[in-house]
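*Asks:* The residues making up each chain are set out below.
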Amino acid sequence: MDLTDTGYELTGAGAYNTSLASLRLAGCRLGPPGAAALASVLLRQRWWRDTGHFNTTLTALDLSNNRLCAGSGGVDAAGQPTADTTADFRGVRSHACSPDYTT
Amino acid sequence: MDLGGNCTELEGAEALTAIVAPDDDGAVHGSLRSLNLWQAGLGVEGAWALTYAVRERSHHPLQLCGALLAVPEGKLGGMQLKPWDAVLLSNDLVLAHSLTRLDLSDNFVGVEGAAAIADALTPTAHHPFNHTLTALDLSGNWLYDDSARMLAVPLTPHQDTGASLTC
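Line order of the protein sequences matches chains X and F. Take the first sequence: its position 91, counting from 1, is numbered 249 in my numbering, and each next residue is one higher. Take the second sequence: its position 113, counting from 1, is numbered 1533 in my numbering, and each next residue is one higher.
It should be emphasised that the hints constitute simulated quantities derived from the structure, not laboratory data. Some hints here could point you the wrong way.
Unchecked claim - Sample of chain F residues lacking proximity to chain X, with all beta carbon distances greater than 10 Å (derived):
(1) E1434
(2) T1437
(3) S1454
(4) V1464
(5) P1492
(6) E1532
Claimed, not checked - Beta-carbon label-pair distances, calculated as ranges:
(7) H1517(F) / T214(X): 17 to 27 Å
(8) A218(X) / H1517(F): 38 to 48 Å
(9) A179(X) / S1451(F): 30 to 40 Å
(10) S1451(F) / P191(X): 43 to 53 Å
(11) T214(X) / S1451(F): 35 to 45 Å
(12) S222(X) / S1451(F): 38 to 48 Å
Every residue, glycine too, gets a C-beta built ideally from N, C-alpha and C.
Same shape as in the complex, but just chain X (with noise of 0.2 Å):
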């Protein structure tokens, strides 16, 4: 087998998908939850900064028209990044929340 068409060489402590830049997820019916999860992914660029394990790659994500509230995954209701967040939660858009969101 060519390991090299295959990806197993990338394998191993702190391996991540280091070629996909772009996820949009518009219009995906997300909440809080899910918007922290994928924004944890960029957050921890800046938290694990020492540790030399963190995602590079990702430059865009696109999560405009979901049901996010404000302040979720590092978004304030008129979607922009949060202060402690503007560094790392780049390329991404966000609608305010909408009011039949619950959890």
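Please build the complex by placing chain F on the supplied structure of chain X, with the hints as guidance.
*Replies:* Quick look at chain F alone, frame taken from chain X:
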């Protein structure tokens, strides 16, 4: 072999598994390299059964959606894609070494389909994964929060890469 558009469901999937899976001695039957089950209505369980069987014969890769991923720019938006189609497509995604963009927007991928796509993108020691895709569009699929968590897995550095997302 083109069985696209049929409704084979689980019994059909089991029959197909017997064709594509290696026997007890590890031998693979025939020379089949491409099987088109796009919109064949296998159901999620049947699609996973077939996908697992195909993974067992990793030395002889087999496409399960024919040449579907050969469409320009991977544009498969609005094609009535169901969860089981996405499961089969995840098998082909691993084999698509030159595919850089995949547009699955406005389909019906569902949580199961999103899990399969995420699995195909996750580095693991157990099976190959796609490491050429740079852009993935799943907009308009009503995926909910569980799918977002699954899609975060391949993007997150892990100490243990043995985890699998498969249902």
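*Asks:* All the hints need checking, so say for each whether the structure fits it.
*Replies:* How the hints compare with the structure:
The beta carbon of E1434(F) is kept farther than 10 Å from every beta carbon of chain X, the shortest such distance being approximately 27 Å. With a least beta-carbon separation of about 22 Å from chain X, T1437(F) lies farther than 10 Å from that chain, consistent with its non-interface assignment. Once the 10 Å rule is applied to beta carbons, S1454(F) is consistent with being away from chain X; the minimum gap is 17 Å. The non-interface label for V1464(F) is consistent with chain X: the shortest C-beta to C-beta separation is roughly 19 Å, beyond 10 Å.
The beta carbon of P1492(F) is kept farther than 10 Å from every beta carbon of chain X, the shortest such distance being approximately 18 Å. At the 10 Å boundary, the C-beta of E1532(F) stays outside the reach of chain X, the nearest C-beta of that chain being 15 Å off. Between H1517(F) and T214(X) the beta carbon distance is about 23 Å. The supplied range of 17 to 27 Å therefore holds. Remark: the range hint 38 to 48 Å for A218(X) to H1517(F) is contradicted by a beta-carbon distance near 23 Å.
Against the hinted window of 30 to 40 Å, the Cβ-Cβ separation of A179(X) and S1451(F) comes to about 37 Å, which satisfies the hint. About 47 Å separates the C-beta atoms of S1451(F) and P191(X), a value consistent with the hinted range of 43 to 53 Å. Against the hinted window of 35 to 45 Å, the Cβ-Cβ separation of T214(X) and S1451(F) comes to about 42 Å, which satisfies the hint. Between S222(X) and S1451(F) the beta carbons are some 47 Å apart, a value that agrees with the proposed interval 38 to 48 Å.
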